[in-house]
Amino acid sequence: MNVMIIEIVGTPSPKTLLLEKTVEKALKKLKLECRIIKVNDAKIIKEYGIITLPALVIDDHIIFTGRIPMQKELLDILSGRKTAVHG
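Under my numbering, the first residue of the sequence shown carries the number 2, and numbering increases by one thereafter.
Quick caveat, the hints were computed from the structure, so don't treat them as lab data.
These numbers come from a predicted model, not from an experiment.
Ideal Cβ placement from N, Cα and C applies to all residues, glycine included.
Hints should not be assumed to be uniformly reliable.
[What the hints assert, rightly or not] Taking lysine to any residue pairs in the SDA-like style, the calculated list, with each CA pair at most 25 Å apart, reads:
| id | residue 1 | residue 2 |
| --- | --- | --- |
| 1 | Lys73 | Lys44 |
| 2 | Lys22 | Ile69 |
| 3 | Lys22 | Lys39 |
| 4 | Lys73 | Ile45 |
| 5 | Lys29 | Gly50 |
| 6 | Lys73 | Glu21 |
| 7 | Lys32 | Ile45 |
| 8 | Lys30 | Leu18 |
| 9 | Lys29 | Asp61 |
| 10 | Lys73 | Asp42 |
| 11 | Lys29 | Ile52 |
[Said to hold, decoys possible] Have a look at the derived ranges for each label pair, beta carbon to beta carbon:
| id | residue 1 | residue 2 | range |
| --- | --- | --- | --- |
| 12 | Gln72 | Lys44 | 18 to 24 Å |
| 13 | Gly67 | Lys32 | 17 to 23 Å |
| 14 | Glu74 | Lys44 | 25 to 31 Å |
| 15 | Glu48 | Lys73 | 29 to 35 Å |
| 16 | Thr12 | Lys32 | 16 to 22 Å |
| 17 | Leu31 | Ile52 | 28 to 34 Å |
| 18 | Lys29 | Gly50 | 16 to 22 Å |
| 19 | Met71 | Lys44 | 29 to 35 Å |
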């Protein structure tokens, strides 16, 4: 089974830290195995085409940009019950 790769994309800021904490809390609740990568390299952010930070990328798919998802919304996405849209 492939391990889910979650990227927290953003410059060091309170919003990026909040996104990271929200993701960690959801993963703990769902008991999911994944690899979390923090991305703050401008070149990589540009390659993704992300304009508004922070952003959440799961398995190379941009899930959210410019906002922190609600816990339930994130739980639904991580458990595969919902497909997210940007923003």
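Is 29 to 35 Å right for how far apart the beta carbons of Glu48 and Lys73 are? For Lys73 against Glu48, whose Cβ atoms are near 31 Å apart, the range 29 to 35 Å holds.
So if I understand the rule, the pair passes when the alpha-carbon distance is 25 Å or less; does Lys73 with Ile45 pass? 28 Å, violated
Pair hint outcome, Lys73 versus Asp42 [Cα-Cα no greater than 25 Å]: Outside the cut-off at roughly 29 Å; violated.
Check the hint pairing Lys73 with Lys44 against an upper bound of 25 Å on the C-alpha distance. Violated - the C-alpha atoms of Lys44 and Lys73 are around 32 Å apart, more than 25 Å.
Please test the hint of 17 to 23 Å on the beta carbon pair from Gly67 and Lys32. 29 Å, violated
Given the hinted pair Lys29 and Asp61, is their Cα-Cα distance within 25 Å? 21 Å, holds
Does Lys22 pair with Ile69 here, judged by a C-alpha cut-off of 25 Å? 10 Å, holds
Supplied distance hint 18 to 24 Å, evaluated on CB atoms of Gln72 and Lys44: 31 Å, violated
Need the status of pair Lys29, Gly50: alpha-carbon distance at most 25 Å? Answer violated: Lys29 to Gly50 is near 29 Å, above 25 Å.
Does the alpha-carbon distance linking Lys32 and Ile45 stay inside the 25 Å limit? Given that 25 Å is the threshold and the Cα spacing comes to 29 Å, the pair is violated.
Range hint 16 to 22 Å: satisfied by the CB atoms of Lys29 and Gly50? 30 Å, violated
Holds or violated: Lys30 with Leu18, Cα cutoff 25 Å? Given pair Lys30, Leu18 holds - Cα atoms ~18 Å apart, limit 25 Å.
Hints 1, 4, 5, 7, 10, 11, 12, 13, 16, 18 from the list above are not met by this structure, while the remaining hints are.
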